[in-house]
Amino acid sequence: MTSTVTSCPVAIRIQEDDFDIAREIALLTENRTDIGAVVSFSGICRADEDSSKIAALTLEHYPDMAEEEIKRHVDEAISRWPLNGVTVIHRVGRFMPGQNIVLVLTASQHRKAAFEAAEFLMDYLKTSAPFWKKEESATGTGWVEAHARDDEAAARWTRS
Amino acid sequence: MKVKYFAWVRERVGKAEETIEPPATVRTVEELIAWLSGQSEAYAYAFEKPKVIRTAIDHAHVKADATIAGAREIAFFPPMTGG
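So the sequences go chain by chain: G and C.
Quick note, my numbering runs 13 ahead of the 1-based positions in the first sequence.
Quick note, my numbering runs 10 ahead of the 1-based positions in the second sequence.
Take the hints with a grain of salt, since some may be wrong.
[What the hints assert, rightly or not] The list that follows gives simulated cross-link-like pairs (lysine-lysine, DSS-like), each with its CA atoms no further than 27 Å apart: (1) K61/C - K147/G; (2) K147/G - K25/C; (3) K61/C - K14/C; (4) K66/G - K147/G; (5) K59/C - K147/G; (6) K73/C - K147/G.
These are calculated hints, taken from the structure and not from any lab test.
Model the full assembly from the supplied sequences, consistent with the hints where possible.
Next up, the structure:
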């Protein structure tokens with residue numbers, strides 16, 4: 014197959030190692046002339062959660078399910094938007110504030126599809142991919158609670 | 011069937027996975043949660059708020075009324091907080 018007009022390569026990785034956004038974009042767009050837009054979303058460990066200071070975050074996941082679940086949502090994104098490439102990288106392990114946690118790249122001919130698909134994927138990554146965050150702060154450690162606002166963000170993509 | 015636990019459900023149960031053999035009368039996810047809750051205080055604590063618990067059968071999310079017949083692997087965990 015030499016046609017690249019409608020191809021949509023998908024890369025999904027769950028890893029402890031950091032990622033290099035520029036390198037991932039280069040991999041996605043290499044030898045392609047059909048891509049006119051790449052949207053990049055990075056999720057980064059922040060120090061402030063509500064009013065408490067976070068010292069570190071630990072990400073636990075369900076290895077056998079995580080990749081399959083992400084793939085299901087990537088497939089849905091591809092069916093809903095004219096995408097020319099998708100990369101999703103989710104890191105696991107222990108993170109300090111400022112470190113990368115997640116990367117979503119969406120490529121399309123035009124920006125609207127790329128923006129929307131990236132947002133769709135992030136909304137579902139937060140609410141349905143099997144990852145859990147544990148916070149360490151001055152007052153102790155505890156599991157991060159899911160936010161209703163994340164469920165609401167994902168629900169707006171539900172088609173009636 | 012194999013059962014896996016994650017995050018605070020794992021911590022409360024006290025193990026990451028095990029093999030269980032519930033009686034044939036246990037047919038759905040919610041019945042399995044009720045049965046497990048009766049096995050020990052650790053399970054009762056993990057499943058004290060059954061509506062909060064999320065379940066996956068063979069790596070796909072299911073609802074509480076899903077049948078467990080034929081399931082190879084059932085996983086219980088809190089609402090997800092990744093991304």
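Status of the hints after comparison with the structure:
Taking the CA atoms of K61/C and K147/G, the gap is near 21 Å; set against the 27 Å cutoff, the hint holds. The straight-line distance between the Cα atoms of K147/G and K25/C is roughly 17 Å, inside the 27 Å bound, and the hint therefore holds. For the suggested pair K61/C and K14/C, the alpha carbons sit about 18 Å apart, so the restraint of at most 27 Å is met. Straight-line distance between C-alpha atoms of K66/G and K147/G comes to about 13 Å, which keeps the hinted pair within the 27 Å bound.
The straight-line distance between the Cα atoms of K59/C and K147/G is roughly 20 Å, inside the 27 Å bound, and the hint therefore holds. For the suggested pair K73/C and K147/G, the alpha carbons sit about 25 Å apart, so the restraint of at most 27 Å is met.
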